[in-house]
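The listed protein sequences correspond, in order, to chains A and B. Each step along the first sequence adds one to the number in our numbering, with nothing skipped, and position 96 is 96. Each number in our numbering comes from the position in the second sequence (counting from 1) with 1000 added on.
Hints are not guaranteed to be accurate.
[Stated by the list, open to error] With a Cα cut of at most 30 Å, we get these calculated DSSO-like pairs of lysine-lysine:
no., chain 1, residue 1, chain 2, residue 2
1, A, Lys9, A, Lys22
2, B, Lys1061, A, Lys40
3, B, Lys1061, A, Lys9
4, B, Lys1102, A, Lys41
5, B, Lys1102, A, Lys19
6, B, Lys1071, A, Lys41
Hints were generated in silico from the structure; no laboratory data involved.
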Amino acid sequence: DTEVTQTPKHLVMGMTNKKSLKCEQHMGHRAMYWYKQKAKKPPELMFVYSYEKLSINESVPSRFSPECPNSSLLNLHLHALQPEDSALYLCASSPAPLNTEAFFGQGTRLTVV
Amino acid sequence: AQSVSQHNHHVILSEAASLELGCNYSYGGTVNLFWYVQYPGQHLQLLLKYFSGDPLVKGIKGFEAEFIKSKFSFNLRKPSVQWSDTAEYFCAVNPTTSGTYKYIFGTGTRLKVLA
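Kindly generate the complete structure, drawing on both the sequences and the hints.
Here is the structure:
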């Protein structure tokens, strides 16, 4: 199994809603990532988890809250988002240590209304 | 600041033409280098990667890339493109600073191949 699975594929939420994005991998990877990709832009790193601990937060607003319950799962909790947060949210994973590539999921297309 | 530059934002080629996409990075330490491709409606897929050794690396679908350390470059090439190569191509850098798991992407190049 070489897949990173993200759910849901599409999500529409209001600015007062609370929702969560989910990501799962069964490749035994110990590093997991959240990226944000706006239209016609490259993926931008948001968070990195290494061995289930948050190792990088790229100054992401607190309305985005990541969680890594175990080595296979990664969540992104969303609360009080703004319309400009609408984007494709990508999850990725990679083996640890370094000198490996990242494997990406298909993403969740988020629209904030 | 660490950054990755891709000079060609849009490229249009006819089938069988040769392709070269430029990628430069600004980071003084050791890096791992990647090219990813994103076909319309699909997820990012790895084309090829460089960690060490032979600076000319071959990837899937006939793509290759050359790492030139002195120029901080990792250009992607293909001798003869096909219509199915129409996609967006991203160069990515992973600085190998201890404890850093970061993949930094360039701005991307949209390739359109005309049949």
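Name the hints, by number, that the structure is in violation of.
Nothing - there is no hint that the structure violates, so all of them hold.
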